[in-house]
Structure formats: structure tokens, C-alpha cells
Amino acid sequence: MPTISVKRDILHDALGRTYTEQEFDELCFEFGLELDEVVTEKNDDGKEEIVYKIEIGANRYDLLCVEGLARALLVFQNKMKIPKYELSKPGKMERLEVDPSVLQVRPHVVGAVLRNVTFTKERYDSFIELQDKLHQNLARKRTLASVGTHDLDTIKGPFRYMARPPADIKFVPLNQTKELSSAELMDLYSTDSHLKPYLPIIRDSPVYPVIYDSNNVVLSLPPIINGEHSKITLKTRNVFIECTCTDLTKGKIVLDTLVTMFSQYSDTPFVIEPVETVSQGETSIYPSLKYRTETIRAEKCNNLVGVNQGPKEIAKLLSKMCLESKVNPDDSISVTIPPTRHDVIHPCDIYEDVAIAYGYNNITKLTPGTLTVAQQLPINKLTDQLREAVAQSGFTEALTFSLCSRDDVAAKMRKKIEDIPAVHIGNPKTLEFQVARTALLPGLLKTVQANRNMPLPLKIFEISDVVLKDGGTEVGARNERHLSALFYNKTSGFEIIHGLLDRIMQLLEVPR
Amino acid sequence: FTSLRECKMQDFGSLILEELDKANQLDSLKFAQRHEVDEQKIVGAIKSLESLGDVIQTKIYQVKSWQLTAEGKEVAANGSHEYRVYSAVPDSGIQQSKLMSSCGAFGKVGFSKAMSAGWIKIDKSQGAPVVMKLVESASDTVGEHMVLIQKGESEKVDAKLKGEYKKRKLLEEVVDKHYTINKGTNFRTKIEKAPTELTADMIASGTWKTTSLKPYNLDALGVETGGGCLHPLLKVRAEYRQIFLEMGFSEMRTNNFVESSFWNFDALFQPQQHPARDAHDTFFISDPATSNNFPSDYLARVKQVHSEGGYESQGYGYDWKIDEAQKNLLRTHTTAVSARMLYECAQKDKFVPQKLFSIDRVFRNETLDATHLAEFHQIEGVVADYGITLGHCIGVINTFFTKLGIEKLRFKPAYNPYTEPSMEIFSYHEGLGKWVEIGNSGMFRPEMLLPMGLPEGVNCIGFGLSLERPTMIKYKIDNIRDLVGHKVNLEMVKRNPICRIDKSGTGEERRLQVLNRRWANIESKLSCIQKQMEVMGISTATAHGMAADSSDGNLMDVVIKVHPDKPPYSLQLLLNVLKKRFKVAASTHTHSSVKSAGSLVLSSDESRITADVKITLIYSNVTRPTMIVKNAQIQGEENIVRYLARILDSRGGGNLYESLDSKVVAQIDNILDRLTDASKHSVSTLIPGILTKSKYLAGNRVTIADILAYSLCKQAAVSNSSIKDWSKRVEDAIAKM
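As given, the protein sequences belong to chains A and B, one line each in that order.
Count the first sequence with this note's numbering and you get residues 1 to 512, in order.
Count the second sequence with this note's numbering and you get residues 1 to 737, in order.
Keep in mind that the hints were calculated from the coordinates and are not lab data.
Among these hints, one or two may not hold up.
Below, simulated PhoX-like cross-link-like pairs (lysine-lysine); rule was C-alpha separation at most 25 Å, straight line [claimed, not checked]:
#, chain 1, residue 1, chain 2, residue 2
1, B, 327, A, 429
2, A, 381, B, 327
3, B, 47, A, 429
4, B, 59, B, 47
5, B, 494, A, 300
6, B, 494, A, 469
7, A, 446, B, 494
8, A, 446, B, 235
9, B, 494, A, 490
10, B, 487, A, 412
11, B, 403, A, 365
12, B, 487, A, 446
Over 10 Å on every C-beta distance to chain B, these chain A residues come out as not near it, computed from the model [what the hints assert, rightly or not]:
#, residue
13, 80
14, 167
15, 228
16, 292
17, 312
18, 343
19, 363
20, 405
21, 492
22, 506
Sample of chain B residues facing chain A (criterion: CB under 8 Å; computed from the structure) [said to hold, decoys possible]:
#, residue
23, 109
24, 226
25, 229
26, 231
27, 245
28, 257
29, 355
30, 420
Note that this is a predicted model, so its numbers are computed, not measured.
We put the CB at the ideal spot given by N, CA and C, even for glycine.
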């Protein structure tokens, strides 16, 4: 789950009042957020500021910045009307032209313009921070989508999105002074801890995606870096946003989220200027800012949540969650899902919001009415009975790992790994997780090794599952329940283990 | 008795009895000397005779004697340091450095002693200092004295000199305990070795009637039991299993660690780009790498709901790939099994309501730390039926945790790809004093249930938690490797108690509960006092520390009556603190009922007119110290101290009592109780006992526990070194406040 850092005082300003830490924690809890940590950080001027670390649900992209968080909490507390996000109608729309060459690398691009924006240091930082959060989470570390933001007054459309051989792309990248080819740039960033993880996304591609303006100025080399030329500053008034993507759905969500959050700082808040994308002869207009309407019924909602609310109450509860709702003459409820709530994909998501607004902890506790007869899994029942019996016979229970190294099951047991029907793990981080165990004995031997300081003799056992490769099953492997016991002393004591085996056979009624 | 030195203890015993029979009284020291044995052996024999009942009576007496230290013995053998230095100086003199190196360890001391005895001198005229003899011969009195003392003739050495030798660490004074032995009421000369065990023979022959058996030693440990033990985590697992069974849940078939991505993720409507499906988080199987045998129509429905939606869903709008679904992995949750079970259930002709549970291993390719391993046990419960609601989910979880002894629960909205609504379960942790997350829950999404073929209207709730975490909390284990895996200490497995999961807390926590009860008891007593005060016409607000009426410049005006034998030194300490914070007027008077005042006199320079705090101490013939506040009485020095500290804490930032952590306050009350009951003897043992654990009586800061104890010690003139040190610390700490 993503965690965002918000300066307490800025949050208080945005919420229109101050909260004690406990009050804010309570508010978060109710809304489904978690105030994870409160820390003191030094700001750029060396002044100490209190910073809240807040955990956000992984599907709530609209809460990843202080702007969205405050907006949602204000609406939740009925202190603010749900904003209406609108597209402006510019005389001439900015255009992104997609060259066919880029279709194989990173096929989609969507864009938007924020006009007459007023930045401050805090707003600017928040803007950058939100892009970063979206890159990390929704865009899966820029593989699915990545955003470039530019000072529109420094560049001139129409913009061309194309793919070029790395050597042919030359520009001064962000925060650099020298012009570099994209190959040089890859070298430069191979040691940069922030950008290094993104290089493999395009590094081995014969061509790299790039966006030019009409004067051949490079805007960005997605998904790696923007150009220095079009860098936005605190003085920037008009922001051009482009978002290139491999997953168009995600790209649209990223763009919608960015513009709905930051159009707040336009001279006409919540109005966004669209940009057209022309690809393979087709023109699309972005951001989509799609409002969708779902029609739900109170009974269905009540039956799922376990409350008894009328249509009017439900509509009121939903409005607290930024879902504008109205009751129809047939008592159904029309719910408008705004472009900030891409997480709502099914009526059950709407029902959840009803439950949250009603308060989970206000819902009456119920007990399922149907009678069911409990049944133990036979093998687990037998296992528990045998565990008791073996412990009564003087053996102490061990609990060892089901993963181990190849050597544990093979070489150390004087066997060849090829002869063992082991299930192999493809991506182990350490040697201890190379295979699933095929026998319990190696684990018991390791237990003895770790307990050599215990008084002798040691008598230990384990009853647990091993995993064996088996082509006859659906997944090609199966578990098998094993019992293993070990006697450790200065003399071999074969008769002790023999005796235990006899005892087990006796208990299981296996004749000699 | 030539062989006496080899005598065994009971032989000494009989010997003592025989001699005692003749002499009527024996002395352990003289007895030992007479028979030339170590007195300790005789003491052992005496102790064993004492255990026979009243055969002998003993009295301990102490004898102080002088003994040589190791250094003293060395001097007795080789002469004093100064004599040896003197002897090392040739008549022609010697360079000082040479002399020192030849004398070794004793050189420095010996040199200075020889100098001050006037035996030698230093000549610096030649440059390098040269040591010369100053007297022709010297007699080594110190060495001779050591020899005398070693021989036990220390009375021949002057007491003052012995004091000096003690300072030189040549001598030490030892206190020896010896016994005077007299006949007891059951005195007899013959002792038979008491049998320790009752045997079958004794019963058969009837000798048990006349045999006196050795009493059992109930302080010793018994013989360890044999047998094996079950593992703690699996004992807890058995308890959880039992709870599910009691609630009518059937156990799921979870014995398949290897699972396909399809059942582990896709069937649960977890999108293929979801971070959990990353190699960073999940163990993928390289052999057998894939599964292919999926129910084809179900597979098609899953694909459709992911990529395009359906069942009223928008879907995720991405290109769903079968290759991703085929990848084998080690299951990351037992919900994969729940999905299989629900699918199976949907294939039946008629839907049968289900309550299912499982407790089994799951695997995460995560970074390992003290609380996370790559594999752990997941506990999962699932209920599927028509008309199941979120309210049922909350109800089932509530019942489940109530059975575990956890009753304070609350639910937080959360996100989970396959449940909606989703809830995190929090419980209030009394020990930590905060809400902690203990599990996850929710209602399975229609996008998961409907493609399986479950009928519309069937809802399904699920909840899950880990087995390790509550077990670690229950048994106070910090590192998960101490609980699971081959490195587990088998001794821990043996010592682990049975799992009574609804009995909350460890022994420690139960002790804390006792303290809390004691605290509640004190509070009720206080409120009783308050009520009495109210009866006397004093409002509760003012009684509560007098906080309310400070504005009139009269914070407190109290009269304290004490007996002159028990001067309240605690008041003196508190007065010092009060004086730094308030204007205090204090005066001391003596009532005619007593002859003279106590040794403590409270006074101040402040006049009663300008003071906020007025304390009048009257020595009079009262049995318990009594404080009179606005016509109410508070009895006992401990309660007076409590009262004053409360005012200091609330008004003067005193931090002596109730402003401290509630645990500490409970501890203070406990100590105050014990001090109040203590006689002189136990105060002197009680305080050093507590002080071995901390700097002050209640932790590492001075509190009223110290203040009262200080007063009691001073009243009873108890003083030993540890009490002296601590008293000094208390005085210093108070002075700094």
C-alpha cells in the first residue's frame, strides 16, 4: 500500500481547521486511511516541520496528494461540494501526432493542458510527488505509463511522438547543461539511483520513443527523462502534460488523476484544456474526464451491507464519498462516478462506499442463520492424533521449513538431485529456498545441529507435508504427509526408533 | 579419635551428642579445635542434628577476629615491604631506578614507608637520585606483628596499629559465627539415619509406625518428567482449529503448496499487472513450470471479466494473457484453495451453504526480518450463503475473536483486489495501549464469485490472519526464528505452557492485573475519604488536591500532628520541594500532652499572611500521624505524603506520584503499602531488596516511595551502607528538584 508524506500545517490549511493527532487519526480510520507515522523533518530552510505519513488504499489514486486527500475528507465531512471537472473549448487544440514507428515500442500517448496555473513551492513539490507516486504504483514503475510535464510557453505544437535510433536522439536532459545522445544518456543514468531502475524498459530496444515539438525541440525521452528546455518552474503558468503508455487504460487514469488534482490551481479551477491525439488517422481527445452513471437499488445495497437505509439516505451517504447521487422516481438511485474514482468498477464498490459513509463500526453484528455441520479434514485429524501419540512416546515435536536448498535434500543426504522428484523454485533470493523439501529428515538433522548443547539423548519428530513432483496432477506436483522421527545419542539406539515404529504401527492397526 | 578427620557427618553428630551428654553444653569452635577439624564440618553436623526435631538447642554467637589478607600473609612470610626495600639498599647506596626495578611490585609502597620511617634517604647531588641507608639496622615490627596475628596472638598487637594495618590492607576483621549447643527436649545420644522413603517392606512389617521419616524438602525441585512435547505454534494451531470446529466450520483441503497463477490470482480477480504477482513477492516454480488443465468455460469467463468486464463490472480493461495464468508458484495465500472450494461448490446441482476454514502454510518471496519469514501459516475462514451481509462478516469475526479472548474490535475500510467491501480488523492491545491490526476480511467480489457459476444472491465473506503473529505476541517471542524452523531451541518447546488461548496474557500480565486491582482498591479508599470530607461540608472539587481554590492565594493550610518519637522526615523533604514552587509558611509546636518536641523542626521565613502553603507541625500524643485539612482528617504518614505529592504534582510539576506513568504509580502504591506494614527489621531488608533492581524504589527517579521510606529509616535509625547511599541520593535528588 502506498504511503504519502503530507506536511501537517499544509494539511490543516487545506482542511480549514487544525486537528490533534488523535482526532486526525480517528478521521483517517473512519475513512479507511491509516496515519502510519508522525515525524519531524527539516525543510529546505532548515526549519523543522511535522510531517504525517498516511497509508492510502492501493486503488485510491485520487488520494495520493494533499490536494486530493483534503478534497475527499472535506466532502466526507459535508464541508465541501463535490467539484465538477470540465473540459474547456480552446480555439485551437494542441495536438500530439503519433508516428507509426513508435507503435512497436510504446504505442499510446495522451495529453492535456493546465492553463493559468499558479504554482508555489509547496504546490510544485506536490505536483512532482504525485507524478512519482503514480509512476510507482498505478504505472508499475513507469512500465505501463509515464508522464512528462512541460512549460507550454517554451515549446510550440503540434507535437510529434515517434521512435528513433538511440544515436539520432540528442538533447539536453533535465537538470543537465550538455547536450547528450540518448546512448550517452543511458550511460550517465546507469549510476543514478533514481533513474537507473527505468533504463531497462527501453535500453535494448533498437529505437527509443521520443517527443518533439514543431521546432524539433525534444520534450522528453519516455519513460526516462524530460528535456531541460521545457522544464517547469515556479513561474510556469501553462503546463503541457503528456503521458505515454503501453496500457492505454492506465495512461488515461494517470492523466485524469493529474489534471483533476492540479486544475485546482488554475485561474478557473477544475477546468482543463483538452489535447487531441492523432494516431493511424484516428483522432482522440484527452483527458477523457468521463463521468459514468450506475443505477443501483437500495434493497440490493442493504442486502449486501446489512443495513436498512432508504434511497434518500443512501444517496446522501454516497455524496459524502464524492459519488453524486440522486433518487429516481422508481426509487432506484443514479450514482455519478467522477473521473477521480477509477476504482469504482462495479456496484459492489458503490455499496462499499455506502458502508464506509455509514461507518463500518455502526453496522449491526449478525450471525449467519444456516446450520452447518463441521467436518475435519481426515488427514489433519489423523495427523493431530498421531502427533499426540508420538509425543506421549517421549519424542518432542519440531517444526521445520518446507523450503530448503538442493544440497539439503540431495548432496547432504548422499543423493543426486536428478534422482529426486523435487519441485524447483525459479526465483529464490537465497540458497535456502531452492526447492520444496521432499523429506522431513534434513530439517530434523538441522534441528539436531542447532541443539547440540542439549542433554542427550535427543528424541524429536515432525509430521508435516513434503512436496513431490507428479505429472499426474493438475499442477504437476502434490503434497504428501510424512512422519519422521530421529533419535540422537552416543550410541546408535536403533531399537529406540524401531520401538517407535512398532508403536505407530500398533496405533494404526497395521499387522506385523 | 585419631581417625576423626575422616569422620562422616553423622559420626560428628554422634560424637557431639555423646560429649553433650557428659558436658551439658558444648561450643562449636572449641569442639572443632579440640578435635582438629574444620569448624564448618561441625556446623554441618549441628544443622543436621537440628533437623531431627528438638534433640539439641543451639544459639549463635559472633566473634570478631583479625585475619591476614593475602598481602598480609605475604608480609608474614617475607617481611614488610619497607623492610625488604631497606634490606635491598647496599651500604654504598643504589640508584633509585635500579632499586625500584629490583624490588618489583612492593617497591613503591615499601620505598615510601621506609622513607617515612627514616630508614633511608635520597641523594640527588650526583644527578640521578641515589638511595642511601640512613640507619645502620632496622627492625621489622610490621613483619613480626603479621606473624603474631597469623599465629592467632593478635591481642599482643596494639589496637591502633591493627587499625593502621587494616588501612594498609594487610589485615581484615572477620566476623565468625559459632554455636553454643545445649540439650533439647528430645535429647538422646543415639541417632538413627532417618529413612527418606516409605517402602513396601515398612508397611508389610509394620515398622512404619515407629520409623521417623525425613521430612520432604518442598523448596527443592522435583524430578523432571519424561515424555515428549508438542510444538508451541502447533498447539496454538490446534486451539484455533478447535474454535472453527466449535463454530461449525469445515476444514478445507489445503495440502497443495504448489498452485497455478490462475487459481492463486486470476480466479480471485487479481489483475495480471498486480504488484503481488511480481517475482519480488512470489516464488515461481521453474519445474514443473506451468499448469494447463483449467476448466475451459470458466477460464473464458475469467478472461472476459478481467479484460472486458461483465456481471455489471467494467473489468480492468487490459489484455489478459493465458501464459501469465499458467505460471506455477508456491501459493501466496490459502484463498487460492478457498477459490477452488467455492468453484467446486458452484458445480453442484444445488447450492449448499458453506462455512469453511483452513490453517496451513503459505509462501512469500519477501525480505526476511525478525517478524517475517518466506513461509508462514495463514488462518482463513469463509462463509458462503444467500443473504450474507457485511454485518454477518463483522458478526462472525466478532464471535471468532471473542472465543480467543479478544473483545475490543473495530474495523477499518481497506483495499483488497478480491474483496469489496474490505475491512482490516483492529483490536485494542491493552499492553501497548493502542489499536493494532490483527487480520483482514471482506466480501468476495462478484467478479470472482459469478464467473465460478455461483448463483446470483449468494454472498461470500472471508477473513484471514497469520498464526505466527498472535503466537509470538502470546508467548512474547521477538524473533520468529525462535518459534519456527530448525534453529528453534528444543528446551523452549519443552518449557512452553499449554495453550489456553482465551486466558489472556502471560504471568507477567496477570501480575500487572493484580497491581491494577490493588490500585482500584486504593482509589475506592480515596473516594471513601472524599465522601467523608463531603459529609464534613467540603466540596469534592476542593478535596481533589485543592486545585480549585488556589486563586485566593491560599493553596493549602494544614495542621499535622505527630508523636515526637516519629518525626515526619518525609515532610522535611517535601517542604524543600514546596518551598521552591510556592510561598510556604511552616511552623513547629509542641502540645502539652508530650514532654518534649521531636528532633525535627519545620520552619520558614515566609509569613503566614503572604504564604500560599501553610504547614503547622504539632508534636502531640497521637498514635498515628494525622493531618487536618479543612476539618477533615487524613491519617498515616503515607497518606499525608500522598496528599502533599498530589498537590505538588498537579500544581507544581512535581512528578513524584500521580503524574507518573500508571504502572509506576501502581508500583509506588504497592511499596507504600508494604512500607506501612513493615516493622523496623523488614524496612531494613525491604529497601535494599528493592534497590538491587533499580536506583530508586520505584524505578530510576525519586518518588514518594523513597520519601516515605527515607523517613521511616531515619525514624527507626536504620542504617547500613546501601541505605546510606540511597538516602544520600534521595536527598540530592530532592535538592535538585
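Okay, which hints does this one fail, numbers in order? 2, 3, 5, 6, 16, 18, 19, 23
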